[in-house]
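Chemist: Here the protein sequences line up with chains A and B, keeping their order. The opening position of the first sequence corresponds to residue 554 in our numbering, with each subsequent residue numbered one higher. The opening position of the second sequence corresponds to residue 554 in our numbering, with each subsequent residue numbered one higher.
Treat the hints with caution; some may be incorrect.
[As the list claims (entries may be wrong)] Pairwise CB distance ranges (calculated):
1. A:F911 / B:V601: 56 to 62 Å
2. B:E912 / A:K568: 58 to 64 Å
3. B:S782 / A:D832: 31 to 37 Å
4. B:G695 / A:G585: 25 to 31 Å
5. B:G695 / A:L784: 31 to 37 Å
6. B:S782 / A:N662: 38 to 44 Å
7. B:D726 / A:D719: 52 to 58 Å
8. A:E604 / B:L884: 53 to 59 Å
9. B:G695 / A:E788: 19 to 25 Å
10. B:D600 / A:E580: 52 to 58 Å
11. A:A639 / B:G825: 39 to 45 Å
[Stated by the list, open to error] With a straight-line cut-off of 27 Å between C-alpha atoms, the simulated DSSO-like cross-links for lysine-lysine are:
12. A:K680 / B:K607
13. B:K597 / B:K607
14. A:K680 / A:K743
15. A:K823 / A:K870
16. A:K909 / A:K922
17. B:K693 / A:K693
18. B:K909 / B:K743
19. B:K772 / A:K607
20. B:K743 / B:K607
21. A:K693 / B:K680
22. A:K597 / A:K810
23. B:K793 / B:K717
24. B:K810 / B:K743
25. B:K607 / A:K583
26. A:K597 / B:K597
27. A:K607 / B:K681
28. A:K693 / A:K773
29. B:K743 / B:K942
30. A:K568 / B:K607
31. A:K607 / B:K568
32. A:K597 / B:K568
33. A:K607 / B:K680
34. A:K810 / A:K909
35. B:K666 / A:K693
36. B:K909 / B:K739
37. A:K584 / A:K568
38. B:K607 / A:K597
39. B:K693 / A:K666
40. B:K693 / A:K680
In short, the hints are calculated from the structure, not lab data. It should be emphasised that the depicted structure is a prediction, and the values quoted were computed from it without experimental measurement. All residues carry an ideal CB built from backbone N, CA and C; glycine is no exception.
2 protein chains.
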Amino acid sequence: MLIVKKFGGTSVANKERIYNVCRRCIEDYKKGNSIVVVLSAMGKMTDVLIEQAKDINPNPSRREMDMLLTTGEQTSVALAAMAFDALGVPAVSLNAFQVAMHTTSTYSNARLKRIDTERITHELDQKKIVIVTGFQGINKYGDYTTLGRGGSDTTAVALAAALKADACEIYTDVDGVYTADPRVVKNARKLDEITYDEMLDLATLGAGVLHNRSVELAKKYGVQLVVRSSLTNEEGTVVKEEVKVERMLISGVASDKNCAKISVIGLSDKPGAAFRLFDALAQANINVDMILQSVGRDGEQDIAFTVVGDYADDAMKVIEDSKKRIGYEKLSLETGVAKVSVVGAGMMSNPGVAAKMFECLYNSNINIKMISTSEIRVTVLIDEKEVDKAMNAAHEIFGLDEA
Amino acid sequence: MLIVKKFGGTSVANKERIYNVCRRCIEDYKKGNSIVVVLSAMGKMTDVLIEQAKDINPNPSRREMDMLLTTGEQTSVALAAMAFDALGVPAVSLNAFQVAMHTTSTYSNARLKRIDTERITHELDQKKIVIVTGFQGINKYGDYTTLGRGGSDTTAVALAAALKADACEIYTDVDGVYTADPRVVKNARKLDEITYDEMLDLATLGAGVLHNRSVELAKKYGVQLVVRSSLTNEEGTVVKEEVKVERMLISGVASDKNCAKISVIGLSDKPGAAFRLFDALAQANINVDMILQSVGRDGEQDIAFTVVGDYADDAMKVIEDSKKRIGYEKLSLETGVAKVSVVGAGMMSNPGVAAKMFECLYNSNINIKMISTSEIRVTVLIDEKEVDKAMNAAHEIFGLDEA
Numbered sequence: 554m555l556i557v558k559k560f561g562g563t564s565v566a567n568k569e570r571i572y573n574v575c576r577r578c579i580e581d582y583k584k585g586n587s588i589v590v591v592l593s594a595m596g597k598m599t600d601v602l603i604e605q606a607k608d609i610n611p612n613p614s615r616r617e618m619d620m621l622l623t624t625g626e627q628t629s630v631a632l633a634a635m636a637f638d639a640l641g642v643p644a645v646s647l648n649a650f651q652v653a654m655h656t657t658s659t660y661s662n663a664r665l666k667r668i669d670t671e672r673i674t675h676e677l678d679q680k681k682i683v684i685v686t687g688f689q690g691i692n693k694y695g696d697y698t699t700l701g702r703g704g705s706d707t708t709a710v711a712l713a714a715a716l717k718a719d720a721c722e723i724y725t726d727v728d729g730v731y732t733a734d735p736r737v738v739k740n741a742r743k744l745d746e747i748t749y750d751e752m753l754d755l756a757t758l759g760a761g762v763l764h765n766r767s768v769e770l771a772k773k774y775g776v777q778l779v780v781r782s783s784l785t786n787e788e789g790t791v792v793k794e795e796v797k798v799e800r801m802l803i804s805g806v807a808s809d810k811n812c813a814k815i816s817v818i819g820l821s822d823k824p825g826a827a828f829r830l831f832d833a834l835a836q837a838n839i840n841v842d843m844i845l846q847s848v849g850r851d852g853e854q855d856i857a858f859t860v861v862g863d864y865a866d867d868a869m870k871v872i873e874d875s876k877k878r879i880g881y882e883k884l885s886l887e888t889g890v891a892k893v894s895v896v897g898a899g900m901m902s903n904p905g906v907a908a909k910m911f912e913c914l915y916n917s918n919i920n921i922k923m924i925s926t927s928e929i930r931v932t933v934l935i936d937e938k939e940v941d942k943a944m945n946a947a948h949e950i951f952g953l954d955e956a
Numbered sequence: 554m555l556i557v558k559k560f561g562g563t564s565v566a567n568k569e570r571i572y573n574v575c576r577r578c579i580e581d582y583k584k585g586n587s588i589v590v591v592l593s594a595m596g597k598m599t600d601v602l603i604e605q606a607k608d609i610n611p612n613p614s615r616r617e618m619d620m621l622l623t624t625g626e627q628t629s630v631a632l633a634a635m636a637f638d639a640l641g642v643p644a645v646s647l648n649a650f651q652v653a654m655h656t657t658s659t660y661s662n663a664r665l666k667r668i669d670t671e672r673i674t675h676e677l678d679q680k681k682i683v684i685v686t687g688f689q690g691i692n693k694y695g696d697y698t699t700l701g702r703g704g705s706d707t708t709a710v711a712l713a714a715a716l717k718a719d720a721c722e723i724y725t726d727v728d729g730v731y732t733a734d735p736r737v738v739k740n741a742r743k744l745d746e747i748t749y750d751e752m753l754d755l756a757t758l759g760a761g762v763l764h765n766r767s768v769e770l771a772k773k774y775g776v777q778l779v780v781r782s783s784l785t786n787e788e789g790t791v792v793k794e795e796v797k798v799e800r801m802l803i804s805g806v807a808s809d810k811n812c813a814k815i816s817v818i819g820l821s822d823k824p825g826a827a828f829r830l831f832d833a834l835a836q837a838n839i840n841v842d843m844i845l846q847s848v849g850r851d852g853e854q855d856i857a858f859t860v861v862g863d864y865a866d867d868a869m870k871v872i873e874d875s876k877k878r879i880g881y882e883k884l885s886l887e888t889g890v891a892k893v894s895v896v897g898a899g900m901m902s903n904p905g906v907a908a909k910m911f912e913c914l915y916n917s918n919i920n921i922k923m924i925s926t927s928e929i930r931v932t933v934l935i936d937e938k939e940v941d942k943a944m945n946a947a948h949e950i951f952g953l954d955e956a
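Looking at chain A on its own, in the form it has when it is part of the complex (with noise of 0.2 Å):
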């Protein structure tokens, strides 16, 4: 069997815990399966390099800033490589350039395109255990990008589709992927199958297991991801494209809470008024989210939607700005808000869960200020505060709680 393994920054922090990632793939490796290791950079060590970058320069180039963070992933693999070697196990780490991973051309949020898998290969063939950077990559000009955030997790699922590997297991800090967050959800249970649909709604909406990039990535070519603990031997969670027929309704129930709610009131009649809104926001790249459109009156419109929280400032500046072109009557933030969901390929073929959803949260006197649904989610707009016990709610409804 053909195995890349994927350890994040947590993993590998220190000297202890890298001896420990390499024992864990030594117990693979021993059992006669090639091993490849992808390691993001140890700990910290990221956010110490932009500290310095921003300390020489607060607005550094995003080539260069590639440049410097590119060495991070190239300490860990190095080190690991030293590690594996103490342990009498013969192991080469390899950079971006070596491998070598081709990206785009955008630096700092580069998309993998291309894996040339021959000096991989020729290691695995030597009976090596092969660790490559995680993050990282190098675009037509010969120079280095990273992948955005999440990027480790992406490299290991285009390693594992280019390698044509039988696994590809994600390891982090928790056990796998759960039904809520456990911190929240009291009786929150880990899942040992959910769908990659499934778990692209859980990623976007702020599960945080794994980064929707991979998932993508892992659903497009068929790669079949473990999330499993670097900590203990538990089997994690399968992700997958289709788990056993008779699963529950809802798989998850996540939460996000960096979120903003704008409402331009009075939208001018002028056509196209809405385009001109979402058109000047998109220019200043800033995504929304949910949008709620209401007629009202003489043909007015009032359009509500959410962005993300840290963009709320900028997306208020973009719409005043263009005021005048847009042509609006009123204009307003609501922060404090956050956005609830129940996911699960289940419900493709039951139509009563967002009506359970809202019947629960009437029950606990929660107002919904906002819905979004897809084929496999339905998603509601709440007050902050109220987040946990919407989460308790709708986990213990929908059968969540049940082993």
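Please arrange chain B on chain A, whose structure you already have, making use of the hints.
Modeler: Just chain B now, kept in the frame of chain A:
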């Protein structure tokens, strides 16, 4: 003009110094010159990385050590590019892969073989200052190598040769090459010019300003070097093929305290005993420096030689272990000895230098333990305690005190 400028680790040890380096480069850039900057790792970063490696594995593989150490220069060049950017001057950082810097395969002590100039030339054509990682290269396996001690000087000289640069400036914490170490000889003077050969002897003998490999390379490709201070605007010392005719007999006095003398007494008269002695040392990678051979009664030989102090114990062990094969009566080690040399291209046409040197040491009551000479150098081995006295005496007798 195309100028290659090399700054060592001390010159880029922190934010302020990095900015200082950038400003020095910008002065010449603003005059219309093309600038290539070679940087070492910041301050003690290489030492810190070595420590980190040894903590993981007391005997790390050289390949992985190079993989680790090369992050040092990459950090420097990325930060310097950010500083140039903040100062409003376009710049780009390049590592050994990006350049590319082709070396021999030997990890941790590779030799540069060939430098591709395409990328650098392309960036210079865009009016960018090009910042290159010193000390590192890539070998035929596509792996990082490092060039050993003084490697960044070598990178700078090789780049100057490959790019046919008009000047190669090596910035250090002293303002040039002196007739002697100013900390030892009060009247030491800075030299305006010195030949490659003189510099080679001074470098090898511990003047410590330039590494001998970079001087060898400069001589081979006729790259005119300037050694100057990164802190002042002083002219520095020019290192070139020939210097003005009416020059001093002697250019400088140098000392090297990291010495040990090993005496092998009563070497057997079997043929090849001396060969077997030095072969055993060569097998153990121990370089022998001065050699004194004396033939005693009955054809028995005594051989004394010096080695770098750090290798004295290793050398003793090698010779003891090979006692049977070599065949000798007694072995002794003398530490606390040092070499003092006078160097000068002028002595080629003036045979009296050695005699004058011995005379001045005799007058100073300094006992000479061993002597070694070359065309442009006279070296004596003396008691370490008398080094300062010897240097001052030689400095005076050869007229180096005079302005």
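Chemist: Quick check: which numbered hints come out false for this structure?
Modeler: Per hint list: 3, 9, 10, 14, 19, 20 violated.
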